[in-house]
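**Q** Could you slot chain B onto chain A? The hints should help.
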Amino acid sequence: MYKSLRKHWRLFWKFRQLRLMLLLEYRNSFFFWSLVSVLWTAFNYFFFSLIVSANNTIAGWNQSEMYVLISTFTILDAFTWSFFYANMTTYTKSIFYGEMTTYLTRPVSTQFLVSIQNNSFNNIFRLVIGIVVLVKAVQATQVPLSLGTILLYVTFMILSLLFIYSLWFIVATCAFWVERLDNINELIPATRRMWQVPRGVYSGLASTLFTVILPLGLISTIPSEILLGKGELRWMVYYGIFAVGSLLFSTWFFRISVKRYSGVGN
Amino acid sequence: MAKYWLVFKLSLLQLLEYRLDLFLGTFRYAASIMLLALLWMAVAKESTAFIDTRYLLQYYVAAAILYGLSNFHLDEVEEDIRLGYISKYLVKPISPFLFYFINSGTKTFAEVVIKAFVMIPIAALLGVSFGTSLANLFIFFCFMPVIFFGMFSLYLVATSLAFWFTSVDSIRLSIMFVFRFLSGIFIPILFMPEWFQYISRWLPFTPVAFTPIQVLLNKLDFSQSLLAFGVLLFWSLLFFALQQFLWRKATHSYEATGI
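Quick mapping for you: the protein sequence lines, in order, are chains A and B.
According to the numbering used here, the first sequence is numbered sequentially starting from 224.
According to the numbering used here, the second sequence is numbered sequentially starting from 100.
Hints in this document: simulated from the structure, not taken from any laboratory.
It is possible that part of the hints are untrue.
Claimed, not checked - Derived, one-sided and incomplete: chain A residues facing chain B with beta-carbon distance under 7 angstroms: (1) 255; (2) 256; (3) 273; (4) 274; (5) 282; (6) 403; (7) 405; (8) 416.
Unchecked claim - Dumping the calculated SDA-like pairs for lysine to any residue here, alpha-carbon to alpha-carbon at most 20 angstroms: (9) 316(A) / 178(B); (10) 144(B) / 276(A); (11) 316(A) / 476(A); (12) 144(B) / 423(A); (13) 206(B) / 410(A); (14) 214(B) / 409(A); (15) 144(B) / 272(A); (16) 144(B) / 271(A); (17) 108(B) / 120(B); (18) 144(B) / 277(A); (19) 144(B) / 280(A); (20) 144(B) / 286(A); (21) 316(A) / 123(B); (22) 144(B) / 275(A); (23) 144(B) / 279(A); (24) 316(A) / 114(B).
Don't be surprised by glycine CBs; every beta carbon is placed ideally from N, CA and C.
Bound conformation, chain A alone (with noise of 0.2 angstroms):
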């Protein structure tokens, strides 16, 4: 057990540093690529303070508040780019061109390769915004933290990345069971704005639907709600429960779904 965990994170490492040399190659590239980062990170923000400023307040969140969210928002986004879309493109690409066969053979979890093999840097500043952005807005909200706040808080970080993994991760695998969806790698970033607002937002149906049936909506409010002293209980125990099942079950599709892979020839 011991030396399997030691091999699969000195390959976690190990492909880091790959990716690494791979953007000091393209130096070009990493620059324009941040630009768009973050001018992306840029217009969500102005884009809230133009909404907050009608009205100072959304579904209850005053603006501070408000910001500490689009932080969160903004923390697990640049890693959503950075892991989650380069590694899910790569994946998908491998089933329907068949170079899966490659990640079968080799004497590690595929489910593992896959998912880790790809990294980019350029949301690095992302980031790093985000982070900057939290501290100020937390500090504004005057709400006192403890460190036990802010364990919780990375670990329902955690969770929220666990959780948009594990959904990504089912819908790039139903490309076992297509013939070719290109589109299938842009649905989990198009879903992104439900996460980006806070769950009073959704009413009716909707409220059901996006934070009970698919907690879409909870990725983002759930840490927020926990940094800024006014987390449920039962929210953040359903969200936890929900998190770590849905990677149970997407690891559980991913043994179902291989079986129907019948690439050759590689």
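**A** What follows is chain B alone, placed relative to chain A:
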């Protein structure tokens, strides 16, 4: 013209080959844009100032339909330039500009039409109808091809840089983001600062989304619509001229062997 008609038919066939993919590609951002209407409704619920939620609902339905006209990718063109496949258009009696224009245009307009056919009846069922006058509908339809022409020319300007650089998709995407933000696709320009509303009349951004939506919702009179159309046409021709200049310069120095 027969060869370009064939390009149109082939592009359409290519688009209809994987229908589930077409469906996902068409509607992937529609839901995301419609969510903005929900967000504004939540703001309006608590707001003391009057926010016309009906107008916002109509606005975002129209924005979701129009989105594709200014948000499309020219990755294939970039790849053709980088890998040298562009040579086949340079040695054959076919205009690369027209080929790519028809190819992208077919896909873009097919997506817009599909979205309109699906979203307008659903919106009507939910009580959101546009009530556009016939004259405004005509002006709106005049806007659509010019928006695509202008944006296509602009994106092709950025893509032409692939003759000199390894990767230019980030440059194209930067332009796209600026347009997404300033054209009013995500935020109606009415909510922007007044100084921006004033200068935006002369910039290429608002005629791409905000102005045609206002026309569709009967919010502009004829002279305002005409002025906005004139601004759009001016910028589109400017982008086209720039694209032609860059393309000529690039193809003169372009070299490829053994393709």
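**Q** May I ask you to test the interface hint for residue 282(A) with respect to chain B, counting a Cβ-Cβ separation under 7 angstroms as satisfied?
**A** 5 angstroms, holds
**Q** Does residue 255(A) meet its interface restraint, that is, does its C-beta lie within less than 7 angstroms of any C-beta in chain B?
**A** It holds, given that the least Cβ distance between residue 255(A) and chain B is near 3 angstroms, below 7 angstroms.
**Q** Is the Cα-Cα distance between residue 144(B) and residue 275(A) 20 angstroms or less?
**A** Satisfied, since the Cα-Cα distance of roughly 13 angstroms is no more than 20 angstroms.
**Q** Residue 108(B) and residue 120(B): Cα distance at most 20 angstroms?
**A** 19 angstroms, holds
**Q** Has the given pair, residue 144(B) with residue 271(A), been kept, meaning a C-alpha gap of at most 20 angstroms?
**A** 17 angstroms, holds
**Q** Against the 20 angstroms threshold, does the CA-CA distance of residue 206(B) and residue 410(A) hold or violate the hint?
**A** 19 angstroms, holds
**Q** Straight-line Cα separation of residue 144(B) and residue 272(A) no greater than 20 angstroms?
**A** OK: residue 144(B) and residue 272(A) at ~18 angstroms, within 20 angstroms.
**Q** With 7 angstroms as the cut and Cβ atoms as the points, is residue 405(A) at the interface with chain B?
**A** 6 angstroms, holds
**Q** So if I understand the rule, the pair passes when the alpha-carbon distance is 20 angstroms or less; does residue 144(B) with residue 277(A) pass?
**A** Between residue 144(B) and residue 277(A) the Cα gap is close to 12 angstroms, so the pair holds against 20 angstroms.
**Q** Holds or violated: are the alpha carbons of residue 316(A) and residue 123(B) at most 20 angstroms from each other?
**A** Given that 20 angstroms is the threshold and the Cα spacing comes to 17 angstroms, the pair holds.
**Q** Quick check on the hint: residue 273(A) CB to chain B CB, less than 7 angstroms?
**A** Check passed: Cβ of residue 273(A) comes within 5 angstroms of chain B, closer than 7 angstroms.
**Q** For the pair supplied as a hint, residue 144(B) and residue 279(A), confirm whether the alpha-carbon distance does not exceed 20 angstroms.
**A** 12 angstroms, holds
Checked against the numbered hints given earlier, this structure breaks none of them.
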